[in-house]
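Peer 1: Sequence:
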Amino acid sequence: MEVISNSNMSINNSINNSINSSSNHSSFKHCNHQTSFQRKRSSLYLESDKSCIDDDERRNDNNVNGKHVNQRSKNNTLNDGEFKPIAGSTSIQIENPTDPAIDEDGNVLAGWRNVDPSLIQVRGVGYNQSYRKINSPGDLYKCIKADVFESDKRYPDMASRVILPKVVFDDDDFTKKHKTWTAPDLFVVTTALPTSQPKFMGGETSDGAGYTVTMYFAMQQETRDILRRITADGYKREDDNCDSINNNQSKINAVRLFEEWCRRAPIDEDFMSKFKVISRAENLEEIGLPSWISKFNGKPFLVRRPGQTGFLFNHPEQSCMEFDVSLHPFPYLAKKGICYMKDSYFQKTVVTFAFCIEGREEDELPECILGAFQLCYPNPVHAIRGEDFFAGKCQTSNKTIAT
62 MEVISNSNMS INNSINNSIN SSSNHSSFKH CNHQTSFQRK RSSLYLESDK
112 SCIDDDERRN DNNVNGKHVN QRSKNNTLND GEFKPIAGST SIQIENPTDP
162 AIDEDGNVLA GWRNVDPSLI QVRGVGYNQS YRKINSPGDL YKCIKADVFE
212 SDKRYPDMAS RVILPKVVFD DDDFTKKHKT WTAPDLFVVT TALPTSQPKF
262 MGGETSDGAG YTVTMYFAMQ QETRDILRRI TADGYKREDD NCDSINNNQS
312 KINAVRLFEE WCRRAPIDED FMSKFKVISR AENLEEIGLP SWISKFNGKP
362 FLVRRPGQTG FLFNHPEQSC MEFDVSLHPF PYLAKKGICY MKDSYFQKTV
412 VTFAFCIEGR EEDELPECIL GAFQLCYPNP VHAIRGEDFF AGKCQTSNKT
462 IAT
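When we follow the working numbering, the leftmost residue of the sequence shown carries the number 62, and every step to the right adds one.
Don't read these hints as lab results, they were simulated from the structure. Please note that a few of the clues may not be correct.
No farther apart than 25 angstroms at their CA atoms in a straight line, the calculated lysine-lysine pairs in the DSS-like style are these [unchecked claim]: (1) Lys297 x Lys240; (2) Lys297 x Lys194; (3) Lys227 x Lys240; (4) Lys145 x Lys360; (5) Lys227 x Lys238; (6) Lys297 x Lys237; (7) Lys238 x Lys297.
Label pairs and their calculated CB-CB ranges [said to hold, decoys possible]: (8) Glu378 x Arg193: 41 to 47 angstroms; (9) Asp268 x Gly453: 22 to 28 angstroms; (10) Ser267 x Asp234: 20 to 26 angstroms; (11) Asn196 x Ala452: 41 to 47 angstroms; (12) Asp177 x Glu346: 40 to 46 angstroms; (13) Val442 x Val229: 18 to 24 angstroms; (14) Glu283 x Ala452: 37 to 43 angstroms; (15) Asp424 x Asp329: 32 to 38 angstroms; (16) Phe235 x Asn196: 33 to 39 angstroms; (17) Asp213 x Phe235: 43 to 49 angstroms.
Idealized CB from N, CA, C, for every residue including glycine.
Model the full assembly from the supplied sequences, consistent with the hints where possible.
Peer 2: In structure tokens form, the structure reads like this:
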């Protein structure tokens with residue numbers, strides 16, 4: 062599946078060039094040299110902060126040849142009167158971490174970008190004997206939209222609350238009649254980060270004020286091709302020779318494992334608990350995190366408590382599945398660290414989120430990330446309020462309708 066590039070990219074680049082035309086921010090390795098750039102960017106944000114104003118402007122984001130489609134509409138009110146905002150309208154995709162996250166109407170949004178999957182370490186073939194990790198052989202899905210907002214409560218099952226992007230494949234007509242797999246075209250991951258100061262003893266732990274980061278991942282065409290082959294009648298696993306010790310670049314076992322997870326996780330909590338989160342701040346030297354936080358940076362963790370920290374929602378009519386990760390029930394120290402980060406470091410941080418299904422048996426290796434996403438310098442000052450977003454009070458809620 063080809064994903065059409067974000068139409069705001071050229072706007073961001075022109076703003077970036079006008080601010081600092083002499084600097085080349087083509088890769089992340091330059092980010093630790095942009096303190097003055099950040100100051101200029103902050104002043105630009107303050108001059109342009111129009112995130113939640115009433116306006117009749119609409120953006121026309123029609124894309125040719127289907128793929129990932131957005132179309133213009135007067136509003137987002139459904140037939141039953143319920144309002145639904147557009148998935149991804151709280152954020153903007155950028156090319157470089159330091160690009161200003163400002164849309165064509167001057168709205169300051171959360172900036173994000175896709176990540177090279179080979180930068181993420183996963184379990185390789187023979188891990189049970191060697192404990193050796195490898196660069197991920199790729200990703201099964203690609204992030205096409207993201208939402209980032211602050212709210213007084215958690216918003217579960219984001220896929221049911223927004224108008225989802227439509228993902229179109231060249232073989233859709235055939236697949237609708239002959240689909241042999243369970244894995245969805247659109248896989249949504251929502252992470253709820255608590256930001257209210259936790260109580261050491263007692264107090265509500267399942268919900269509360271925090272940040273929501275929702276990532277909308279579209280299936281890669283290669284993943285789809287593998288699924289079609291391995292779920293076809295007459296398929297013989299040995300024909301793929303994917304258990305070879307030299308096969309650390311193969312995605313086949315990871316695709317097979319994810320397909321099994323999609324089938325079993327809704328009814329098997331143990332299997333659902335194989336969902337793994339890999340998060341890390343990319344610029345530790347720049348932000349100077351204290352050691353009690355930095356020692357946990359980049360360490361994968363499993364979402365082991367279905368119904369408490371992990372929630373699965375299935376929308377088969379839209380070929381969509383969502384997995385929610387709530388950190389609200391996490392231990393006191395973990396939540397204390399998140400609150401400390403929000404108050405002191407969020408706006409200085411470039412953080413990567415990656416996800417995979419944990420491979421344990423040899424025929425489940427090598428692992429391959431489902432998808433990865435990088436959030437760049439999220440400033441709490443400019444955070445969109447979730448309550449406004451879902452009530453249609455933010456200009457961005459009404460911008461573009463996905464069909």
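Peer 1: All hints are to be evaluated individually against the structure, with a verdict given for each.
Peer 2: How the hints compare with the structure:
no. : hint                                : result
1   : Lys297 x Lys240                     : 18 angstroms, holds
2   : Lys297 x Lys194                     : 28 angstroms, violated
3   : Lys227 x Lys240                     : 18 angstroms, holds
4   : Lys145 x Lys360                     : 36 angstroms, violated
5   : Lys227 x Lys238                     : 19 angstroms, holds
6   : Lys297 x Lys237                     : 24 angstroms, holds
7   : Lys238 x Lys297                     : 23 angstroms, holds
8   : Glu378 x Arg193: 41 to 47 angstroms : 42 angstroms, holds
9   : Asp268 x Gly453: 22 to 28 angstroms : 23 angstroms, holds
10  : Ser267 x Asp234: 20 to 26 angstroms : 44 angstroms, violated
11  : Asn196 x Ala452: 41 to 47 angstroms : 44 angstroms, holds
12  : Asp177 x Glu346: 40 to 46 angstroms : 20 angstroms, violated
13  : Val442 x Val229: 18 to 24 angstroms : 37 angstroms, violated
14  : Glu283 x Ala452: 37 to 43 angstroms : 40 angstroms, holds
15  : Asp424 x Asp329: 32 to 38 angstroms : 18 angstroms, violated
16  : Phe235 x Asn196: 33 to 39 angstroms : 34 angstroms, holds
17  : Asp213 x Phe235: 43 to 49 angstroms : 46 angstroms, holds
Going through the hint list in order, the structure does not satisfy hints 2, 4, 10, 12, 13 and 15.
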